[in-house]
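Novice: Given next are the chains, with one letter for each unit.
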Amino acid sequence: MVDEITLPTISPRRMAYNRFVSHKAAVVSVFVLGILVMFVALSPFTARYGVNEAVQAPPNYFLSPRANAWLGTDDIGRDLYSRLIYGVRVSLVIGIFSGLISVAIGCVIGSVAAFRGGRFDDVIMRVTDLFLAFPFLVTLLVMRNMIGGISWLKPITGELNSVRFIIVLFAIFGWMGVARIVRGQVLALKEREFIEAARAVGASRWYIVRRHLLPNSIGPIMVALTFSVVSAIISESTLAFFGYGPQAGDGATSLGILVGQAKGAVNTGFWHLALFPCLTLVVIALSINFIGDALRDATDPRMQKEA
Amino acid sequence: MLRYVLRRLAWAIPTLVFVTFLVYIALRIGTDPVASYKRINPRATKAKIAQYIEVNGLDPNYVRGYFRWLGNFVTLDWPRSIKGSREVWPQLKDALANTIRLGVAASSVGIVIGLGLGVFAALRPGGRRDVAVNTAAFVGISIPPYVSAILFQLLFAVYWSRWFGSTLFPTSGVYPPGQMGFDLGLMIKHMVLPTFVVAIQIIAVYSRYMRSSLLDVLSSEYMRTARSKGISEARVLFRHGLRNALIPVVTIAAIDVGAIVGGLIITENVFSYPGMGKYFLSAFGEGDFPLLMPWMVLIVASTLFFNLLADISYAWLDPRIRLG
Amino acid sequence: MSAPVLQIRDLTVTFNTPLGPLSAVRGIDLDVHAGEMLAVVGESGSGKSVSFLAAMGLLPKTAVVTGSVVLDGKQLVGASAKELRAVRGHLMSMIFQDPLSALNPVHKIGAQIAEMLQAHQKLSDKAAKARAVDLLEIVGIPQPGDRAMQYPHEFSGGMRQRVVIAMAIANSPKMLIADEPTTALDVTVQAQILEVIQKVQKQFGTAVVLITHDLGVVARVCERVNVMYAGRIVEKGEISEIFDRPTHPYTRGLLASLPQAGVDRLAPIAGFPPNMLRPPTGCAFRARCPHAVARCEEALPSLVQVGTSYSACIRAEELLKSS
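Chain order of the listed sequences is A, B and C.
Residue 159 in my numbering is what sits at position 159 of the first sequence, and the numbering runs on without skipping anything.
Residue 314 in my numbering is what sits at position 314 of the second sequence, and the numbering runs on without skipping anything.
Residue 69 in my numbering is what sits at position 69 of the third sequence, and the numbering runs on without skipping anything.
Chain A with its partners taken away, still in its complex shape (with noise of 0.2 Å):
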């Protein structure tokens, strides 16, 4: 004659689930990235022109949206629909590999700081403090022209001017944030009784890190994820906008760069080179961080108390 004694209990990654998708803005988010996704993965068939290829004989320069171009052309003619397309792969590729390096690099720094402590803990938070603090343009294109004229490390980064070594960059220094971020919570995780009931059996430092903190920290590495992310699309557009961005041969674009020739339309008055790319930034900016911050509210230890 038992009464129905507590509520029925859910796993935390259901419970995480479901705080995710009450985000509304979020749910959207996904729908419209992997919608994004899918038309730039299948670029060949979604574009309708070549990267480098005019829409028209001339004149087909600063043509407004029409039927054969569907946002129209820019300055030689070629069709703004299917540039974007590629510039937007390009820049997808750029944003997921340096966030995925980056968190990476990060999180085996933030959780070896956390864990060691003292000064290896305190210069580590030093340097990502003041470099975190230095303004983010200046150290990328310094560091970019640094790096870019060290010969003897050619073989790893590429040319200047590749996408390859953009992510390199981005990768050496996207992972100070994410190693806060993981420090933070590798800090809060340490002082738990697990933590020290795994030790008092026995466990390696490794083994802790990799078998309890770590996973523990899954939802804050994935906030951190979508962040660095945002951070790299968002930086490469800013560095393309000043003419030092990836630059590959044959009319090759990125997402920063149409961005970049924004500046100029706005001189001109041809609305849709301005407005389309910024529009397509946004929107991806946008998507990406209502995601990162459902993910951060979804994965929160402090909103577990409820329910």
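Since the hints were made in silico from the structure, they are not lab data.
Treat the hints with caution; some may be incorrect.
As the list claims (entries may be wrong) - Chain B regions said to be covered by chain A (calculated; three or more residues, Cβ under 8 Å):
{"no.": "1", "stretch": "142-149"}
{"no.": "2", "stretch": "265-272"}
{"no.": "3", "stretch": "275-289"}
This one's a predicted model, so the numbers in the text were calculated from it and none came from an experiment.
Ideal Cβ placement from N, Cα and C applies to all residues, glycine included.
Add chains B and C to chain A, keeping to what the hints say.
Specialist: Then chains B and C, alone, in the frame of chain A:
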């Protein structure tokens, strides 16, 4: 506390030297000062080139070169720009003044409004105004500053004049070309758009910080204790809520203010505003070493100083923090 | 006994949660007389803290409070914010479980006590500070003048709780509610804190409600005790009576589960507390009660007098006779 400050200040000097040394190396490798000089002055004689190398501390040995440069720098014997041998300090001074003006204006407006909105939202979490503020802030953060800068330029420069015949807010420079002397009205008019663009970002960021910090504080136990004392709700909010919520926000603000000197590069570029950003971009583009180094020193010094200020203000506001 | 300082009649508290309405308190009647120390005992979730938070008006907006709470002639349920503010800290004070989180970490404790004083008395800053130092001395803090200039984190747990007590009695309230004041403290310090509470009670004539789940604490200092379970009061009476002859199976279970010297095995009460989102019909304890019968399911039992105590068990009389 005083001991801590003195110790940090004492450390600041070697840190400054060390960091500028790294910058020196980065610039030498990255911008190739000698080649840049030769490029800008193709008819320079061997003697002039040698003089350039000596004055700028560009010895083959980096360490010796750095200290030579440092010696000249500290004795205020600054080498001149590679372009037309112009003096560095007047250019730097003007750029700094312009950027500070823009930065202070945008920061004050942005931080005050941002904090206000954050409080406004946090007082009724989950309610309509909270959602509105949060979403707006979110969009604000996600739009990179130069996108909003370009869009504003488009709106106010191109279309406004198309629709209304005249420009409401100018979109470039500090004064219209050819202006001599000081005119406050004109200066303000030119600053409106760039200030607005920067302020939007600041408002977005600070409203979220404040909201999050205040929400944390509002759910603390001592808020309940404060209410149980029977003091007025206003006092509960200000002396207990805000007083505690502001601590992390002030710390971040201190660091952000320090970053202003180098942080407005994009906006300045879009609006052709002659500040530190424009200075840097043109100097960097040309590889103008004599122009770049003092700029860098200024940036590093500002960063170190405001970081120290942030640490001090944190300790001053939160008695639980025991400084080294 | 003198007239009751606090009179609670048919108090209910329901929380509007995303999962539905949660009945935390389901109709309780309670009296506290001037100068007495009343214990309210129960496990987590029994509604003991919520009842008094409701009386003070300190519950969040999601809580719906009905019934009557009369303090010194004033009705508190439904009172305006202004009226409640005049009562809080002045006629009725509350001290909470964890003194570290209950005190604002960035203000000096002297200033926090002075704030309490100046909220209800016209005192200059200087006079308020001086009075704060006096209060610290009363609760037994050494070098009170120096300690008043310190911050909460510079005190040990026991000292902090003394500070909290000093703050609560600053305006000589008629009623002090102590919500688990010793739970967060070491055992050795617990006794000291109870002594301090007793001391201020005698010195100021304050009525005290001691909310706790620890029967040992109750036995030391209280005269009467109310036992709560699942939002209802299930037993009331004098301390000695309750301990010798508990009239409700829950109380009996509580007493039996106390560790005893010489007894090897602990005897906990079987089962779990009920889900207050869907409270069971009839007596909430019947699922865990060794004496439950079919009748127990029918209606919410009210308190009936059994000897000198009151019990909410419909079988109280017959169980007492048979034991």
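Novice: Next, verify each hint and record whether it holds.
Specialist: Status of each hint after checking the structure:
Three residues within the 8 Å Cβ limit are the bar, and the stretch 142-149 of chain B against chain A gives 5, so the coverage statement holds. Only residues whose beta carbon comes within less than 8 Å of a beta carbon in chain A count, and the stretch 265-272 of chain B has 4; three or more means the coverage holds. Only residues whose C-beta sits within less than 8 Å of a C-beta in chain A count toward coverage, and the stretch 275-289 of chain B has 3 of them, enough to reach three; the restraint holds.
In summary, this structure violates none of the numbered hints.
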